[in-house]
Amino acid sequence: MDGWMDGWKKGRSAGKRERLEQQGSQANGRVMSYPEKALCASRMPHPTMQPHMGLLGLGKRGQSSVGEQEKPSGRSKRPDDSKTNSSCPRLPPRHNTMYLLGPSLLLLEYLAFSDSRWVFKHPKTLYAWEGACVWIPCSYRIAGHGKTMDTLVVYHNYTYDEKAKEYHGKILCNKTKTEELCLQESVKFLGDIKSNCTLSIQPVQAQDNGLLGLRMTSEAGKWMENIFLNISQTAPPPHIQLPPEIQESREVSVTCSLNFSCPGYEIKLKWSLNGLPQYTSVPSTSLTTEAVSTQSKLTFEPKWFHHGKNLTCQLWNDISEGLLLSQETVQLDVKHTPKLMIEVHPRDTIVTKGDSVTMTCQINSSNPEPTNMYWFKDGSPLREPRMLQSAQKRLTLTLSNVTKEMGGHYYCVAHNDIGSERSQEVALQVRYVPEPSKVQISPSPAKEGGTVVLTCLSPANPPPTNYTWFHNRIEVPRKTSMTFQILKVLLKHAGNYSCWAVNSLGRGYVGQEAELDVQYSPKEVTTVIQNPTPIREGDNVTLLCHYTSSNPSVTRYEWKSEGSWNEPEPGVLMIQKVAWNAKPFTCAACNQWCSWASPVDLHVQYAPKGVKVLPVSPRREIHSGHQVLLQCNFSSSCPTDVRFFWKKNGIFLEEGKQLSFDSVSPEDAGNYNCLVNNSIGQSMSEAWTLQVLYAPRKLRVSISPKDSVMEGKKAVLTCESDANPPVSQYTWFDGNNQNLQHYHQMLILNSVKVQQSGAYRCQGTNRLGVGQSPPSTLTVYYSPETIGRRVALGVMLCLVAVLLAFWGVKLQRSWKRIQSQQELQENSNGQSFFVRNKKVRRVPLAEGSHALGCYNPVIEDTVSYAALRFPVGETDTPRIGDAREQRPSLHRDNTVTYSVVQKPQTDDYENVTPAVPEDEGIHYSELIHLGVGERPMVQDTVEYVTLKH
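For the sequence shown, full-length UniProt numbering begins at 1 and goes up steadily by one.
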């Protein structure tokens, strides 16, 4: 079948190529073709095929189109435009007769092989050099669900045999689904049979340069994929990419990249600027089917002097000794403002009055070229800016016949498209002889005894080196400096003073004279304390300002004092409530000048100041059990003899400067004050709070409103604790130690139930530990409604039980009565009796076993019982009317019958009412076993009556 298809396709190959050129058939953005002819199509040199190389060969960036099924022909071009020989035949002329059937055949072929599409992704060309390695990231996809690769043969610089329909060339690797055989150890197939076709060659040699062919077969068809290897003898230089514009002092980033990356061959990219190393960066690599590259980024701030300098990126082998493989150098184009320098002629900037000076402003560097320049003197422009030609880089300023006014600071400014720049300043000094002098006296008028400074003012350049002084036009000996100082002026120093000055250019002239007027301030000024000593804090103090003489007269007084004071009259100062830290006081008696008295210290006595508690240890948190030491400090005290006391929460503790706790407890927490006293008074510090941190303790559960709560009401259980820091989490447990999953301080039971009665406890936690409370019992009792319902139910149940018992007893009695009647009818001989019981109550005799009457203690109120016992012998014979003489037989069985009768209402009989036999109150007792035989002996209190029915 494959041979038939190859023959069928061979006759249509030429026409198909031309049709593909014209129609450029594509599917889903990728060119549609057929297996086994991608190589020849990709190598076609025919001019008309160039725009459609992706149709029959590699797609853009290594994405292959659908494989083609024609033999390769022509000569293919490599990515570097080099040609390689191939056995693929040339395309036939375009006037081939098959061209006329092109569209129809193309459609048929597309329909026949549309299910055999192969899609590849890999870099089109990979670059390396001898000794390095090549990592080829590659992926593929076979059309059809679940299709996998059957075989893979990796060729190097293969050719296609048109007759044999076979590929010939060096086989690097042969892989099937079951085994993999690579003929060279350097070649490794790292992919799989589904989608990965990654290869690696390590190391790679220069002879490995050329074309790699990946021959794949599967159920979907066959395919030959081309990958170009560009292997050079030496490493290619990296590529440096500069930003569009570089300006001085602006940070820029420059990228150095190389189309190479291989995990088995580490490289480094190093930077150098004008031969000086910058830094070695860790290169970033890209190893994907889209691109294989390594790059390094250099970020720096270029300076203006970097303009025109060489920036080099070097490729190094990352081994211990390092090996330079290649490098790339570019020249920096740094935009910067003009850089200026001033040249002065003569070189010395100090000139004599009347000379000429030339100053030239030179532009050392400017990128781009400067546009204008102008001069400034002392910050003001000298003239309009001068426009410069492209070749002009200097501007000259000439000063002829200079005067002293021309001296000053000169600088120039230049502009270009980047900005402006100013040069350094040039200080021009003009020399001239001293001008007419003038004497300046300070102070004036002068105070007797004070210091007077006389200054000779005579401008000159260079400055004067010698002065001559005159007092009342008489030269003052040994005074040759600019200043004439009188340390202690006296009245004899009064008068007119003048001078002249001399410098290296000549002598000046005497100008204006100055008069020295000597006066004196008030003499022997003192401050007097009028109060008796010692002075205590808060006292009122009066000070007096005294002096002996003054010229001119004293016109005012001045005081140097602090606090609240007033001056009731000149020279008298009254201080109200003097402060403890009052500074020394002094006064001045003033005319034109003031004479100050010596300071007077009031020596105010006061209680200790600045009292404070200083924690000595520990400095940070205080935990229960720590050792704590507090110290009482104060800043000052007058007098200095002091005593120390301690208080806690306002209660006196002890005396001493230090307060220590060997093992502090939470009970020690509180506000502590220390007191310091002296003979004047006592001062207390601000409260210092001692906070003791401890785990939760003394936990208890409080129940609100009380321990017993009616059902349906609201019960609030609060976990009360003592902890510092406060408890951060609460946990509640019931009496069975079950966690109630409630973590708040309050446990609220809304509409409490009786079933919720029981013990509750809580657990508190802070960052120092855990504490637990003892159980507290919550009692929930029934509400009146519930009790009423339950009582009603109980009463109903009791009533039902009583009724049932009553009816049961009644039924039982009825049944017994019926039974008795039946037995009486069967056993009785027709005799009946009744018993009269006298009022005298006797206890039945114990010695007789014969019939006795029983005493019922409640006969007076309720029901009387009569009990008769009849001993019956074996040989008893009935004897009628003679009951007294018979004796009971010891061998007879005792039969007892009880009869219940109702007490008569008006008589004293126990069983029946006498004389009224038909009264409804009479009840007859019926006895069983009333047969023949002996009767018991009659007692005194019992009468037997036999009735005849």
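Keep in mind that a hint or two might mislead.
Stated by the list, open to error - Once the Cα atoms are required to be at most 35 Å apart in a straight line, the calculated DSBU-like pairs of lysine-lysine come out as: (1) Lys377 / Lys438; (2) Lys479 / Lys560; (3) Lys188 / Lys124; (4) Lys393 / Lys438; (5) Lys447 / Lys377; (6) Lys583 / Lys492; (7) Lys170 / Lys147.
As the list claims (entries may be wrong) - What follows is a list of derived Cβ distance ranges for each label pair: (8) Pro584 / Phe652: 38 to 44 Å; (9) Asp668 / Ser702: 25 to 31 Å; (10) Ser549 / Thr480: 34 to 40 Å.
The hints are simulated quantities; they were obtained by calculation from the structure and are not laboratory data.
This structure is a prediction, so every number in the text was calculated from the model and none was measured.
Every residue, glycine too, gets a C-beta built ideally from N, C-alpha and C.
Checklist line | Numbered hints the structure breaks, given as an ascending list | finding: 2, 4, 5, 6
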